[in-house]
Structure formats: structure tokens, C-alpha cells
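Engineer: With the hints as extra help, turn the sequences into a complete structure.
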Amino acid sequence: MIRQEKMVVVSQQQIARNIFELIVKGDLVQDMQEPGQFVHIRVADSFEPLLRRPISIAEINREESQFTMIYRSEGRGTSLLAEKAVGATIDVLGPLGHGFDVDAAKAKAYLIGGGIGVPPLYQLAKELNAKGVETVHILGFESKEAVFYEEKFKALGETHIATVDGSHGTQGFVTHILNELPKDFDTYYSCGPTAMLEAVQWAYPEKQGFLSYEQRMGCGIGACFACVCRTTKSETDYIKVCSDGPVFPAGVVIV
Amino acid sequence: MIRQEKMVVVSQQQIARNIFELIVKGDLVQDMQEPGQFVHIRVADSFEPLLRRPISIAEINREESQFTMIYRSEGRGTSLLAEKAVGATIDVLGPLGHGFDVDAAKAKAYLIGGGIGVPPLYQLAKELNAKGVETVHILGFESKEAVFYEEKFKALGETHIATVDGSHGTQGFVTHILNELPKDFDTYYSCGPTAMLEAVQWAYPEKQGFLSYEQRMGCGIGACFACVCRTTKSETDYIKVCSDGPVFPAGVVIV
Amino acid sequence: MTNLTVNLPGLNLKNPIMPASGCFGFGKEYAQLYDLSQLGAIMIKATTAETRLGNPTPRVAETSSGMLNAIGLQNPGLEKVMASELPWLEQYDTSIIANVAGSQTEDYVEVARAISSAPNVHALELNISCPNVKQGGITFGTDPNIARALTRAVKDVSSVPVYVKLSPNVTDIVQLAKAVEEGGADGITMINTLLGMRLDEKTGRPVIANITGGLSGPAIKPVALRMVYEVRKHTDLPIIGMGGITDVTDVIDFLSAGANAVAVGTANFVNPFVCPEIIAALPEKLHDLGYESVEELVGRSHRL
Amino acid sequence: MTNLTVNLPGLNLKNPIMPASGCFGFGKEYAQLYDLSQLGAIMIKATTAETRLGNPTPRVAETSSGMLNAIGLQNPGLEKVMASELPWLEQYDTSIIANVAGSQTEDYVEVARAISSAPNVHALELNISCPNVKQGGITFGTDPNIARALTRAVKDVSSVPVYVKLSPNVTDIVQLAKAVEEGGADGITMINTLLGMRLDEKTGRPVIANITGGLSGPAIKPVALRMVYEVRKHTDLPIIGMGGITDVTDVIDFLSAGANAVAVGTANFVNPFVCPEIIAALPEKLHDLGYESVEELVGRSHRL
Ligand SMILES: Cc1cc2nc3c(=O)[nH]c(=O)nc-3n(C[C@H](O)[C@H](O)[C@H](O)COP(=O)(O)OP(=O)(O)OC[C@H]3O[C@@H](n4cnc5c(N)ncnc54)[C@H](O)[C@@H]3O)c2cc1C
Ligand SMILES: Cc1cc2nc3c(=O)[nH]c(=O)nc-3n(C[C@H](O)[C@H](O)[C@H](O)COP(=O)(O)OP(=O)(O)OC[C@H]3O[C@@H](n4cnc5c(N)ncnc54)[C@H](O)[C@@H]3O)c2cc1C
Ligand SMILES: Cc1cc2nc3c(=O)[nH]c(=O)nc-3n(C[C@H](O)[C@H](O)[C@H](O)COP(=O)(O)O)c2cc1C
Ligand SMILES: Cc1cc2nc3c(=O)[nH]c(=O)nc-3n(C[C@H](O)[C@H](O)[C@H](O)COP(=O)(O)O)c2cc1C
Ligand code: FES
Ligand code: FES
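Residue numbers (full-length UniProt numbering), protein chains in the order written: chain A, 1 to 255; chain B, 1 to 255; chain C, 1 to 304; chain D, 1 to 304.
Worth flagging that the hints you see were computed from the coordinates, not collected in a lab. Do not take every clue at face value.
Stated by the list, open to error - With a straight-line cut-off of 35 angstroms between C-alpha atoms, the simulated DSBU-like cross-links for lysine-lysine are:
(1) B:K6 - D:K14
(2) B:K106 - B:K84
(3) D:K28 - B:K25
(4) B:K207 - B:K233
(5) C:K202 - D:K233
(6) C:K14 - D:K80
(7) C:K28 - A:K6
(8) A:K106 - A:K131
(9) D:K28 - B:K233
(10) C:K28 - A:K25
(11) C:K285 - B:K84
(12) D:K233 - B:K6
(13) B:K144 - D:K202
(14) D:K202 - B:K84
(15) B:K233 - D:K80
(16) D:K14 - C:K178
(17) C:K285 - A:K84
(18) C:K178 - D:K28
(19) B:K108 - B:K183
(20) C:K285 - C:K202
(21) B:K152 - B:K108
(22) D:K202 - C:K202
(23) B:K6 - B:K183
(24) D:K28 - C:K233
(25) B:K84 - A:K25
(26) D:K80 - C:K178
Structural biologist: This is the structure:
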């Protein structure tokens, strides 16, 4: 069920350059189904900025009714979000959309993330590991200062980092790492910039894969047709990132 | 000189129903000339709400570089102002306009205020007393819950309170009190709703008086012609409340 | 008890609040959140004769207290709307207003004829004001002669009352209102979005793929209110007012200016519960203002 | 060194930033705050043949990310402006653009002839778009034929280049731009305010005594930007763009859309130092975007 809830900030921390980890508490957590779902956040009580901001669910803690978001504070909305202190409330609409199919992976999965596409892979990695699936994490960032959650991913499995400027890990993009890695996995999951998703899809045409897409959103629940993508499934239809996605099987979305 | 300064909140307190006393600190205080001047406050960093809010200077503390405002938290802007906590900064433009002529009073003055028109009379009363002028304060409020600074005014001179609902002091308007008081003063000063200013002016046609007016403002410094009033001085001109006023001698403003 | 009902041609509304077309799809999504039977009516997404894919993305951009959209009338087309969307909506006890769009008169006529025959469609909203389609759309809404003729053509085939949705992107909105009145319109809905644009600050490229988009949200409320006020001065036709409504106070403003009912668009995206919340707040608000019914308040700004 | 200069008919600007007419009086008030010689130019308050008292108060009202005003062209009249305001401004090293208003052609012609002869007036801004005066004003700005004729009449008597200020309250702004171009305009300034309205929530009465007012501020920026972009597509005339500019990013947007220079109106009320702050920020901003001069950047959105 989708709820709108004033959730309470439990923790707000800067964890990398412009990157914040925000933990909030509330009943809505109980309705979270799959890793890869997102929430739609109203950052101000006023109508300025007007629109909600879509942010992925990075970690779910059902016992404590808490979940974690990791976001880049960049524009007006996310800057305001970064100002919310412990105890403040945040208007959260969610959980929204369809996430990663955790049951699809059999033995070994590649989790490939770029920048602020990395967060939803963390809950995914946890759930896959819990099911006994081995996870390998290939994560790309701008530079050393932008890297986050490296240790946390390492605790769950083999983890490779690429940075564009080479200041940490491999220099270049995640694809540079993928080229060097064996293809001994059965499923890949990816979230990040569209160009990265395309490259990943090209790299593994024969594998089962799931990709999480971004689009500018209005409603976030499927009513406004703002967030559509063309699809290979039909010439006369679009799919909506917010309600049909944001995660789609590889090969479904035309960019 | 008019300055725009980020002033620091030293104290913020609710002192009556919806009425707040706000003390801020900064260099701008040194330029304050006369009681009855005002400042123009930007309540948000964003452009929503857009316009600055004019608030009178209620008390000046030059040694500490602090001044006090007393305001009613009512609309969007003043509600945001009420949220500013100690240590926060507030964008203040001021001091603005021309205040009360303190030198005009000789021996005894009536200070007549209504509601949020009362605040500027406090600094005025202090300065008059410092000059050896006896001050009588006639202050009107909605009800008991809305009364503020009664003790402070009492400490400076005879003080009469009227409330519309009679829950404190005399029932009715300040004019009900004025009717009962002797006319043994040489100068009156008044600030409050326009209807009250009119009534006061009518009550003392023979006395020297100074009245502080309110108008909706744009710029607050005399450039936009938003805050004008017709004047008895000229048929073809207006006076500007923000820069020619807000205080005018009795008989100058046509309402 | 405060009386919220409003009776307009084809529409016996339990209250004057309805979601605006294009901001509520065909209701399914918001039905996950609350019971749609609470609503005075629902203005469904524009329907065209054929399936429309609409414009490329990005289709939305945020602006100061507003947003731009250029969806481009994406919709499944008349056939699917008739076959699945409308029947699904029959479970709710609310009036359906079908938004009809097209790029030539024949399209409008075809859709109007068919959709007005659906059992739960109570009125049509003729969308002659969509700024985001290359052909037709807005030109129908800016030329009084074309608007009059189109209204008449649609009126001739419709089995339910026809409301015409006016564009604010005109020199003289009253002239347009008069024209559609002459064309036989049963009512007016206003306003659609103002044409606007946003650029990417780094590249200078338009953020919206369609280059320009329609501005909606609180930013446009003063313009919408002024237009409703002006049109009300010149016609007795029912007006469903919209443009930047976010709360019950905004609703009072539009009713005061002369709207008989109101629609809420963009605010649904910010607060998906905005319509039921306004409906719940309305009785007390009317009471505080000294009115016992919505109809008593309508047009009060003209009676001062 | 980034080159901020802009050369337009009559105006050799040291930078493209100027306060908009009506938001800066005749400069005296802001001169208390900073040295006006920093400004690219100053657009002074509308001047009419006779003293004008303007509209009753309240004259302003706040709206979402914007404000309404109905000052009604209050000004001391041609004679006083010539005798005291303009001479006072001579101490500053900046260009003066005189905003000329009236209610009939003769008024415009009289003011234009006289004021264009003042030694420090470098250009006229023909205000055919003021929404807040009962006669003339906006009708001049909505009818292309009248706008063309008025431009020609003023052009005939002016000793300096004539810029015409366009109203956004029209169906087709390009048509108006073309009309004033045909009338001999040397440039265009745009946009004036959008007609809007606000009601008092308690009484339903219009907040502004004039009933309607002109909407300005960030709320209207998307509309202004779209109009500049459209007009630039259809004319090579210089454009001074305005509408909702509050910071250097907004300036870049207007220049990208095709404005050659920009004016800042409402934002002066919020931050009286906004013009000098933008001027100070402009070189670095241009540099970051990879441009060495303002003129290089102008119109970049059309070259993508
Ligand atoms: C399904 C989904 C999940 C996401 N998860 C995360 C996450 O976990 N962490 C994170 O940092 N970011 C995430 N994003 C991107 C995030 O939504 C944007 O960075 C954010 O909306 C930008 O807002 P702003 O206030 O910083 O920028 P502004 O420039 O003020 O935004 C202006 C408008 O553009 C929209 N917008 C800008 N960039 C994007 C974008 N990349 N995608 C969608 N809308 C955008 C904003 O939502 C807003 O409506 C996600 C996006 C989507 C669609
Ligand atoms: C010279 C002067 C001195 C003032 N001194 C004080 C004071 O010391 N204490 C105090 O509580 N109030 C004072 N006021 C009134 C105060 O400015 C308004 O109450 C305040 O602006 C309302 O803002 P808001 O955000 O609460 O209301 P909103 O309704 O959000 O205001 C909307 C717009 O209307 C304007 N406005 C609304 N009411 C008034 C008003 N009465 N006068 C002028 N503009 C108004 C606002 O400034 C704003 O632009 C003074 C006004 C003036 C002109
Ligand atoms: C995303 C979006 C899609 C819209 N689609 C339509 C539409 O299909 N048909 C229509 O007549 N109006 C459409 N509109 C306009 C709205 O119905 C409404 O007239 C406008 O948005 C002003 O109201 P608001 O400010 O409350 O949003 C759309 C508006 C938005 C924001
Ligand atoms: C208070 C006020 C007074 C104005 N007076 C004039 C005027 O006298 N002549 C004119 O051409 N425009 C006038 N304008 C319009 C502005 O010059 C400008 O075109 C408009 O406000 C849009 O810019 P902005 O959003 O930056 O304010 C006035 C605007 C305001 C807010
Ligand atoms: S954001 Fe509205 S349909 Fe996806
Ligand atoms: S508020 Fe602008 S002149 Fe007084």
C-alpha cells in the first residue's frame, strides 16, 4: 500500500562529498516490498520547491520501522533535505514502484552501480546474501571523495570500485572493471546513469539482467505520464518509470 | 545610512497571544536615529514568500548593538519569522524612514497605541523620559491575552489599558480612555490602526501630534511608489509612508 | 449543516471539488490512496480518437512555485478508454467529465460523439487549449471563430452537456468565452496552462524535450483568478475554475471570483490527498465566513 | 578578462544589467546603497506629460513567488523629471533609458520629443504595455496596428533610439514584435507584467484597490523566457529581457534565450543589492560556462 507519512529523522550524516545518509522512522517501512523501490519526498511545507523528489530506498530495517536513503545534495530540493535535523519530520510518499526481482538470481549476481545509483543496490545485496546468492559489487564514482559505502559492500561480498579520475580503485568507468571480470554469474542488477545502464546491457546480452531507470517525475504514482520510456514490448505504448518501474528486465526499455 | 545586514537572533520569545518579542544583534543598530523608524525583514532565503516585512523598532540598545522588535505572527511571513531560533541570522534592511520627533514634546506627552502599533512607543517613551518629559501611555488591545509590555510601560509612567472585550483594563477603545483623561499634555504620539489614528486626531485638534501610518510596501525605501498616501500639503502629490514617514505630524496625511 | 452541493448542467455535484484533467489519469492510481466517491467529479485525462504517444521526455520541469509540462496528450485512445477506463470508473459514485482533444474538428466530433454516450460520462470538457501539441489544440483556443465553430460541431453530436476549456494564452479571454457561449457551450472550464520555458543552466538547452511547456501550479493562480473574475462579469455560463489551487482558501478565492466549482491539478502531485482534504475542510471554512452553502458564496467578489 | 560590454543602438553598456522601470524610481533611493555607476544602465520610472497621481492604495499584493502591483504610473510629470530627476542622474556614469507612457498618441509624442533631448537620456523605452492604467497603455500593446503606428509616431520625434516594451498579455507576442519592428523600433524590451488578481480571504474583496494588478517576480520567469525565445526566433532586433530575474543564473537564461541585455525589477525589493551582486558574479559565471564575453553567449539556446 502506498502511504503518505510524516516520518521522523533518526539520523542525518554526510558520508561523502555532497552525499548524505538519511535514516527515517515510520509505519510506511512495513509496506516496503522489494529492494529498488523508491519514495517521493516533499522537502518543504510550502509549495517552493513545488515537486517531490524521488529517492531510492537504500536499506530497510523493518524491526525498527526505519529505512535509509542516500542522496546527493545538489539542487534546491536536496539541499533543503540535507538541512533536516534529527527529530524533524519529513513528508514521505511511498513505497513506490517495482524493485529488483530478488528471486531471479540463482547462485551469483553482479550488482553494478554508478554514483547515486549505488544506494538501492545495498538493500538488494543484503537480501541476495540472505538468500545465499553470492554478490559481486562493481561501483563507479566520480572520484575518491564521492565514494561511499565501500566497507559496507565489502562486508557482503567482493567489491570493485572505479573512479573517473582514478583517485581511488580502477581509473575509468565500471565497464573497465567488468571487462576484466569473469562472466561466471547468472544475473546482473544495475542502477545508475542511463549511459551506464546501456553499456552494461550491451556487455551481457546473454545474461538475465535488471536495470533501474531514472526519469523526471510529476506525480510519482503513475497518473501524470511524465516519466515514460518507450518499450520494446509495444510500438504504441510507453511504460512508466514510477509505477511500472523503476526496475525493468534488460531489453524492455528503449532509451 | 541604510544597511542590509544578516543580524543574529539573541532572543525570541512569545509574550502574548500570537505576539513575539525578537531581539537581534548587529552593526545596523548604530545607525538608528529616532524611535518610530522601522526595518524591512526578509524572512526566507528563497523567494517565497517574496516580499520583505516592515516591522517597527521597539527598543534600541546601542551599547550591545541590539534592538528589539515586537510582532504579531499571523500570515506566512511573520510565521516564518517566529521560527527563527537564537543564533539564526535574519536579513534586515534598515533603519528606514522617519520616526517620532522626540524634541517636540515639552513637559508631558500622551503616547497612544493600538495592538501591534504599541511597540515603537516603547523606545519613544524611554527617550522622552530620558529627556525629562512625563509620558502617559494609553494602549489598546483585543483582549487580555493580547496585552504585552504593560509592566514595562508602567515603569516609565502612568499607563492605561483598554481591551475590546473588556477582559483587561477599560472595556472599549483607547478613545474611551482618552475621553476620561485631562488634556494637560502638550504633545501626543500615536501608532496603530488607521481608524484609531483618525479618532485620536479628531480628539485633539488643538494639540501638536505625531502619527505613525501603515501601508502595504514593495521596496521600503521610497523607490516603488507602493506605499503612498494623499497629503494636505499638495493636491498633486503623494507622500510615501516608507521614506517620508511612517511618522507624520497630525494633519498631513489624508486617509 | 453546510450545503456543499452544486448543480450544473449534467453535473449534480456533492461538492465543488474535482481533480483537473491530466493530473489524475483515469483515477486508478489515486484510487489506491482514497475512495474516489468522495470527489465532486473527476476530469479524466484527455482522450483522442487514436492512441497517442505524446512527446519525448523530459516532459516536466520545476519552476518557481510552479511546473512546466509537455505530456502531449498521451492517452490510450478512444477505444481503450471506452472499453476499460470508463467501465472501471463505474464503481465510484461521482460524476465523470471526459476531456476531449484532437487535432482537427473531425477528431473532436468523433471522440465527443462516442465518449458522451458512455453511461457514466456526465459532461464533456472540450480541450481547445492544450499548449503542448503541434497541430490544433491551442489554435482552436485562441481564435474565437474557430472556437465557436468547434464548440457547435461538438455540441451537435454530444449526448451530454459540453464545457469548453479556455486557454489563458490569449489577449482577450472574455472574447473567447463569448465565442464558445455563442457556439452553444453549456459551461466553461478555465484555465489551462500558460506557455512557458525553462533552460538548463549549464547548457542553455530547453529542459523540456518539447522546448516549451505549460506552466501550472501556485505561480499562475493570480492570472487564473483574474480571468475567472473577468469572464464571470460577462457571462452567466457555469465556470469550473482552476489554476494553482492548493488548499481550501484557494477554493474560496475561485468561488468568490465567480467559479461555480473548481478543479485541482498540480497540487495532486505535491499532496495526493489534497482533494479529500479540501472537501473535508470546506464546510468549516464556509461556516467561518458566514455562508451556509457553496452556492451562496459563489461570485461574492462581484457583489461587494 | 571576461568582456561584459554590450553595444546596442544608443547604448554602449559596460555590462548587460540594469534595473527595470518602476522598480528603481529615478535612482535616488538606491544611490544611498551603492554607486549607480556600476550599472549597465538605468530604466527610470515611466514619465507622462502631466503629473500623475496613480491609483489608490493598496497598490501591491504578494502572491506565490511573485507580486501584483497597480501603481498606475505615478510620476511627477515630464517637466519635473526634466528639471530635477534627469539632471541629478548626470553625476553617474551609466546610460539612462527613459520609460515613456501616456494615454493617447499625442502624450507619448510630447514626452518622447522632450525627454529624448535630455543630454543623459540614451534611449527611450516606449511603455505600451502597462496593465494598470484605465485608458491607453495596454491597448496600445495588444493591437499590432496601433503599436506599429505609435512606434512610428514616437520614432519620428525621438532624438535617441526607441525600444518598445511588449506586454505578455497577448495571444501572439511575435506578431507584436514584428509590428513594432515595422514601425521602426530600434529594439524591444520584454516583458511587462502579466495581468493578475488577488482576493482577501476573509472578505473576497480584491486586495489591490485597482482590482487587478501586474504580476511580476520569479513566478513569471518561465513565461518571460519563452517569449524572449520566440521573439528572438523571428527578429534580429536587440532585446532587453526581463521577468523574474533574481540572480546571475537567471541572467544567463535570458541571454541564452536571445536577450542582448537584461533588466531586474521586483528582485530589487527583496535584495536591494541584487544588481551590483549580479554584475560582480557575471564574469566568473561566464568563464565557468566557457564564454569570454556576454555577446558570445547571447542566443546560445538557438544554436544547439
Ligand atoms: C526512481 C529514482 C530514484 C532515485 N534515487 C536516488 C537516490 O537514491 N539518491 C539520489 O541522490 N538521487 C536519486 N534519484 C535522483 C534524484 O531524484 C534527483 O537527484 C533529485 O530529484 C534532484 O533534486 P534536486 O532538488 O537536487 O535538483 P533540482 O535541480 O532542484 O531538481 C529540479 C527538478 O528536476 C528533478 N530532477 C533533477 N534531477 C533528476 C534526476 N536525476 N532524476 C529525476 N528527477 C530529477 C527533480 O526531482 C525536480 O523535480 C533518483 C531518481 C529516480 C527517478
Ligand atoms: C511601518 C510599519 C511598521 C510596522 N510595524 C509592525 C510591528 O512593529 N509589529 C507588527 O506586528 N507589525 C508591524 N507592521 C505590520 C506588519 O508589517 C504586517 O503585519 C506584516 O507585514 C504582515 O506580514 P505576514 O507575513 O504576517 O502577512 P501576510 O498576509 O503573509 O502578508 C502579505 C503581504 O501583505 C503585507 N501586509 C500585510 N499586513 C500588512 C500591514 N498591516 N501593514 C503593511 N503590510 C502588510 C505584508 O508585508 C506582505 O507583503 C508594520 C507595518 C508598517 C508599514
Ligand atoms: C501534467 C499535466 C497534464 C495535463 N494534462 C491535461 C490534459 O490532458 N487536458 C487538459 O485539458 N488539461 C491538462 N492539464 C492542465 C490542467 O488540467 C489544469 O488546467 C492546469 O494544470 C492548471 O491547474 P493547476 O495549476 O491546478 O495544475 C495538465 C496539467 C498538468 C500539470
Ligand atoms: C512596482 C512596479 C512598478 C512598475 N512600474 C513600471 C513602469 O512604470 N513602467 C514599465 O514599463 N514597467 C513597470 N513595471 C514592470 C517592470 O519594469 C518589469 O517589466 C516587470 O516587473 C517584470 O520584471 P520583474 O519580474 O523582474 O519585476 C513595474 C513593475 C513593478 C513591480
Ligand atoms: S511521475 Fe507521474 S506517471 Fe510517473
Ligand atoms: S514601499 Fe516602495 S516607495 Fe514605499
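Engineer: Each of the hints needs a verdict: does it hold here or not?
Structural biologist: So, going through the hints one by one against the coordinates:
The straight-line distance between the Cα atoms of B:K6 and D:K14 is roughly 30 angstroms, inside the 35 angstroms bound, and the hint therefore holds. At most 35 angstroms may separate the alpha-carbon atoms for a hinted pair to count; B:K106 and B:K84 exceed this at roughly 40 angstroms. Our distance criterion of 35 angstroms between C-alpha atoms is met by D:K28 and B:K25, whose separation comes to about 29 angstroms. As the CA atoms of B:K207 and B:K233 are separated by approximately 19 angstroms, the hinted pair is consistent with the 35 angstroms bound.
Simply put, C:K202 and D:K233 have alpha-carbon atoms about 21 angstroms apart, close enough for the 35 angstroms limit, and the pair holds. A distance of roughly 61 angstroms separates the Cα atoms of C:K14 and D:K80; the hinted pair therefore is violated under the 35 angstroms criterion. For the hint linking C:K28 to A:K6, the alpha-carbon distance of about 24 angstroms falls within 35 angstroms, and the restraint holds. Distance restraint check for A:K106 and A:K131: the Cα-Cα separation of roughly 9 angstroms lies within the 35 angstroms cut-off, and the hinted pair is therefore satisfied.
Between D:K28 and B:K233 the alpha-carbon distance is near 22 angstroms, which keeps this suggested pair within the 35 angstroms criterion. For the given pair, C:K28 sits about 28 angstroms from A:K25 by alpha-carbon distance, which is consistent with the 35 angstroms threshold. Between C:K285 and B:K84 the CA atoms are separated by roughly 30 angstroms; this keeps the pair inside 35 angstroms, and the hint holds. Annotation: proposed proximity of D:K233 to B:K6 is violated, straight-line Cα distance about 43 angstroms (limit 35 angstroms).
The suggested pairing of B:K144 with D:K202 holds, with an alpha-carbon distance near 24 angstroms, which does not exceed 35 angstroms. Proposed proximity of D:K202 and B:K84 is supported: the alpha carbons are some 28 angstroms apart, at most 35 angstroms. For the hint linking B:K233 to D:K80, the alpha-carbon distance of about 18 angstroms falls within 35 angstroms, and the restraint holds. Restraint check for D:K14 and C:K178: not satisfied, since their Cα atoms lie roughly 50 angstroms apart, outside the 35 angstroms limit.
Proposed proximity of C:K285 and A:K84 is supported: the alpha carbons are some 32 angstroms apart, at most 35 angstroms. With a CA separation close to 48 angstroms, the supplied pair C:K178 and D:K28 exceeds the 35 angstroms bound. Pair hint B:K108 plus B:K183 holds up; C-alpha atoms about 10 angstroms apart against a cutoff of 35 angstroms. Among the hinted pairs, C:K285 with C:K202 is inconsistent with the structure: their alpha-carbon atoms are about 46 angstroms apart, more than 35 angstroms.
The hinted pair formed by B:K152 and B:K108 meets the criterion: a straight-line CA distance of about 18 angstroms does not exceed 35 angstroms. For the given pair, D:K202 sits about 45 angstroms from C:K202 by alpha-carbon distance, which is inconsistent with the 35 angstroms threshold. Only pairs whose Cα atoms come within 35 angstroms are accepted, and B:K6 paired with B:K183 is rejected, the gap being roughly 45 angstroms. Between D:K28 and C:K233, the direct Cα distance comes to roughly 42 angstroms. Violation of the 35 angstroms bound is thereby established for this hinted pair.
As the CA atoms of B:K84 and A:K25 are separated by approximately 26 angstroms, the hinted pair is consistent with the 35 angstroms bound. Distance hint between D:K80 and C:K178 is unfulfilled; the C-alpha atoms sit about 45 angstroms from each other, more than 35 angstroms.
In the structure shown, a violation is registered for the earlier hints numbered 2, 6, 12, 16, 18, 20, 22, 23, 24, 26, in ascending order.
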